[in-house]
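**Q** These are the residues of each chain, in order.
Number of protein chains: 2
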Amino acid sequence: MDLSNNTIERICKIFGHLDALEKRGVDFVSSKELAGEIGATEYTIRKDISLLGGPGYTRKGYEVKSFKKELGEKFLLTKRRKACIVGLGRLGTALLDYENFQEDGFEIVAGFDCSVNKIERIRTSIDVFAVSRLEEIVEARDIELGIVAVPAESAQEVVDLLTKAGVKGILNFSPVKVNIPTHIVHLDMDFTNALRFIAARFIMKKT
Amino acid sequence: MDLSNNTIERICKIFGHLDALEKRGVDFVSSKELAGEIGATEYTIRKDISLLGGPGYTRKGYEVKSFKKELGEKFLLTKRRKACIVGLGRLGTALLDYENFQEDGFEIVAGFDCSVNKIERIRTSIDVFAVSRLEEIVEARDIELGIVAVPAESAQEVVDLLTKAGVKGILNFSPVKVNIPTHIVHLDMDFTNALRFIAARFIMKKT
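Protein chains in written order, with the numbering used here: chain S, 1 to 207; chain F, 1 to 207.
Simulated from the structure, these hints should not be mistaken for laboratory data.
No residue lacks a Cβ here, since even glycine has one placed at the ideal position from N, Cα and C.
Certain hints may be false.
As the list claims (entries may be wrong) - Covered by chain F, per the in silico footprint, the following chain S stretches (three or more residues, Cβ under 8 Å):
#1 7-13
#2 88-94
To be verified - Think about it this way: if two alpha-carbon atoms lie no more than 27 Å apart in a straight line, the pair counts; the simulated BS3-like pairs of lysine-lysine are:
#3 S/Lys-164 with F/Lys-60
#4 F/Lys-164 with S/Lys-205
#5 F/Lys-177 with S/Lys-74
#6 F/Lys-79 with S/Lys-177
#7 S/Lys-23 with F/Lys-177
#8 F/Lys-23 with S/Lys-177
#9 F/Lys-164 with S/Lys-177
#10 F/Lys-164 with S/Lys-60
#11 S/Lys-79 with F/Lys-168
#12 F/Lys-13 with S/Lys-13
#13 F/Lys-23 with F/Lys-13
#14 S/Lys-47 with F/Lys-205
#15 F/Lys-177 with S/Lys-32
#16 S/Lys-82 with F/Lys-69
#17 F/Lys-69 with S/Lys-177
#18 S/Lys-47 with F/Lys-168
#19 F/Lys-60 with S/Lys-205
#20 S/Lys-177 with F/Lys-82
#21 S/Lys-47 with F/Lys-118
#22 S/Lys-13 with F/Lys-205
#23 S/Lys-74 with S/Lys-47
#24 S/Lys-69 with S/Lys-32
#25 F/Lys-82 with S/Lys-205
#26 F/Lys-177 with S/Lys-65
#27 F/Lys-118 with S/Lys-177
#28 F/Lys-47 with S/Lys-47
#29 F/Lys-74 with S/Lys-205
#30 S/Lys-79 with F/Lys-205
#31 S/Lys-69 with F/Lys-47
#32 F/Lys-32 with S/Lys-205
#33 S/Lys-69 with F/Lys-205
#34 F/Lys-79 with S/Lys-205
#35 F/Lys-118 with S/Lys-118
#36 S/Lys-177 with F/Lys-47
#37 S/Lys-205 with F/Lys-23
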């Protein structure tokens with residue numbers, strides 16, 4: 001299956017919304033509602049779904065539970081995945097205890113920092129280690145995802161360590177462009193770019 | 001001008017890359033390089049640029065400095081914007097001192113929290129206030145952007161406060177769907193969805 005990043009992004013958002021609906025006990029959802037939630041056109045949503053051979057559209061809309069199950073199975077979105085966080089500064093520790101990861105199938109099973117002092121003092125229920133043990137722990141605990149929350153100057157080094165350790169995906173919070181081998185799936189969380197995206201859309205509003 | 005969110009997202013990324021190139025002293029960039037950096041096809045990049053009436057393509061590529069200037073002017077990306085952060089837990093304080101905002105034209109001019117105790121103890125160079133003063137401060141300091149970093153259960157209340165105070169854009173880090181009036185530009189930073197996006201792409205890799 002070869003889908004564009006935009007399609008996959010929409011699918012993840014649809015899955016998230018179906019999950020929220022299921023929790024609220026809602027049985028059906030229209031493509032119009034999905035489109036509104038996801039910020040895409042109804043046409044795009046219907047096209048995505050038909051591309052995936054998704055569920056049929058009934059008069060009541062898509063059936064939430066079966067649609068979610070189908071997406072989850074197709075994209076292995078319900079598989080539990082283990083992740084680690086490298087860099088236990090304020091952002092890293094905030095992520096360490098981010099409860100929603102857990103709820104949504106992502107388990108943070110280790111934190112790493114280069115400061116032994118920090119590791120000794122940190123208060124968290126998650127196991128934390130010196131970064132020198134990263135390779136060993138990633139392998140021993142079957143960690144698939146690495147979350148990078150170190151300062152810009154250490155980001156490349158940490159990415160190289162994670163790559164060597166064999167993670168399959170990297171979520172990068174460092175505000176710097178890092179070189180990541182193409183066999184690893186990665187995403188940059190760029191806070192500045194997020195603000196820029198909002199500001200760029202100001203000009204499209206009548207203000 | 002009416003552009004899709006995807007186009008605007010690409011433009012912001014192009015602007016960010018041009019900015020990085022300019023800082024490194026690079027004079028020209030090809031559409032191929034831009035495409036690779038942004039994660040889009042060369043065709044898409046060229047189409048975006050021609051849609052904007054962007055600079056001509058020379059044999060050496062686009063001229064970095066003038067291209068950046070043009071995008072910046074068209075989307076007011078070089079205008080300095082004032083922002084505030086609501087919720088000074090670990091994520092909020094991490095964002096409070098995120099240096100890159102400053103570098104890229106976003107100035108965090110206030111932080112808010114409902115805990116007076118927290119406000120008194122926090123160590124930062126940025127002015128912090130009780131959330132009860134939000135409306136007053138947003139108005140007095142001409143704050144255009146609100147960054148929401150409160151727990152899920154307070155998110156809607158904070159969004160309502162920011163709306164009433166008259167911000168133009170909201171960046172929401174709370175892991176919950178909030179209702180935001182359509183005249184306000186907003187973006188959700190959903191960490192779980194980011195991990196899901198990475199995991200969903202695993203199946204596209206030969207592993």
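**Q** So, for every hint listed, does it hold in this structure?
**A** We went through each hint and held it up to the structure:
Only when three residues or more bring their CB closer than 8 Å to a CB of chain F does the claim for the segment 7-13 of chain S stand; here the count is 5, and the claim holds. Under the rule that three or more residues need a Cβ within less than 8 Å of chain F, the assignment of the segment 88-94 of chain S holds, with 5 such residues. Proximity of S/Lys-164 to F/Lys-60 is assessed by CA-CA distance (about 37 Å); at most 27 Å being required, the pair is judged violated. Between the alpha carbons of F/Lys-164 and S/Lys-205 the distance comes to roughly 18 Å, so the proposed pair stays at or under 27 Å and holds.
Between F/Lys-177 and S/Lys-74, the direct Cα distance comes to roughly 25 Å. Compliance with the 27 Å bound is thereby established for this hinted pair. Taking the CA atoms of F/Lys-79 and S/Lys-177, the gap is about 24 Å. The hint holds against a cut of 27 Å. Pair hint S/Lys-23 plus F/Lys-177 holds up; C-alpha atoms about 13 Å apart against a cutoff of 27 Å. With a C-alpha separation of about 13 Å, the suggested pairing of F/Lys-23 with S/Lys-177 holds against the 27 Å cut-off.
Proposed proximity of F/Lys-164 and S/Lys-177 is contradicted: the alpha carbons are some 37 Å apart, above 27 Å. Distance hint between F/Lys-164 and S/Lys-60 is unfulfilled; the C-alpha atoms sit about 37 Å from each other, more than 27 Å. Between the alpha carbons of S/Lys-79 and F/Lys-168 the distance comes to roughly 39 Å, so the proposed pair goes past 27 Å and is violated. Our distance criterion of 27 Å between C-alpha atoms is met by F/Lys-13 and S/Lys-13, whose separation comes to about 21 Å.
At roughly 15 Å between alpha-carbon atoms, F/Lys-23 and F/Lys-13 fall within 27 Å of each other, so this suggested pair holds. With a C-alpha separation of about 23 Å, the suggested pairing of S/Lys-47 with F/Lys-205 holds against the 27 Å cut-off. Restraint check: the Cα-Cα separation between F/Lys-177 and S/Lys-32 comes to about 17 Å, which is no more than 27 Å; the hinted pair holds. About 43 Å separates the Cα atoms of S/Lys-82 and F/Lys-69, which puts this hinted pair outside 27 Å; it is violated.
Note on F/Lys-69 and S/Lys-177: the hinted pairing holds, with a Cα-Cα distance of about 22 Å set against a maximum of 27 Å. Among the hinted pairs, S/Lys-47 with F/Lys-168 is inconsistent with the structure: their alpha-carbon atoms are about 33 Å apart, more than 27 Å. The straight-line distance between the Cα atoms of F/Lys-60 and S/Lys-205 is roughly 36 Å, outside the 27 Å bound, and the hint therefore fails. Distance hint between S/Lys-177 and F/Lys-82 is fulfilled; the C-alpha atoms sit about 25 Å from each other, no more than 27 Å.
Restraint check: the Cα-Cα separation between S/Lys-47 and F/Lys-118 comes to about 49 Å, which exceeds 27 Å; the hinted pair is violated. Of the supplied pair hints, the one linking S/Lys-13 and F/Lys-205 holds, its CA atoms being roughly 21 Å apart against a limit of 27 Å. Note on S/Lys-74 and S/Lys-47: the hinted pairing holds, with a Cα-Cα distance of about 17 Å set against a maximum of 27 Å. Of the pairs offered as hints, the one joining S/Lys-69 and S/Lys-32 holds, with about 20 Å between alpha carbons and a cut-off of 27 Å not exceeded.
Proximity of F/Lys-82 to S/Lys-205 is assessed by CA-CA distance (about 18 Å); at most 27 Å being required, the pair is judged to hold. Proposed proximity of F/Lys-177 and S/Lys-65 is supported: the alpha carbons are some 20 Å apart, at most 27 Å. Only pairs whose Cα atoms come within 27 Å are accepted, and F/Lys-118 paired with S/Lys-177 is rejected, the gap being roughly 34 Å. A C-alpha spacing of about 23 Å is found between F/Lys-47 and S/Lys-47, which places the hinted pair at or below 27 Å, so the restraint holds.
Annotation: proposed proximity of F/Lys-74 to S/Lys-205 holds, straight-line Cα distance about 14 Å (limit 27 Å). Only pairs whose Cα atoms come within 27 Å are accepted, and S/Lys-79 paired with F/Lys-205 is accepted, the gap being roughly 17 Å. Our distance criterion of 27 Å between C-alpha atoms is broken by S/Lys-69 and F/Lys-47, whose separation comes to about 38 Å. The suggested pairing of F/Lys-32 with S/Lys-205 is violated, with an alpha-carbon distance near 32 Å, which exceeds 27 Å.
For the hint pairing S/Lys-69 with F/Lys-205, the CA-to-CA distance comes to about 22 Å; that is within 27 Å, so the pair holds. This hinted pair checks out: F/Lys-79 and S/Lys-205 have alpha carbons roughly 16 Å apart, not beyond 27 Å. A hinted pair counts as satisfied when its Cα atoms are at most 27 Å apart, and F/Lys-118 with S/Lys-118 qualifies at roughly 22 Å. Pair hint S/Lys-177 plus F/Lys-47 holds up; C-alpha atoms about 25 Å apart against a cutoff of 27 Å.
Between S/Lys-205 and F/Lys-23, the direct Cα distance comes to roughly 31 Å. Violation of the 27 Å bound is thereby established for this hinted pair.
When the structure is compared with the earlier hints, violations turn up for hints 3, 9, 10, 11, 16, 18, 19, 21, 27, 31, 32 and 37 and for no others.
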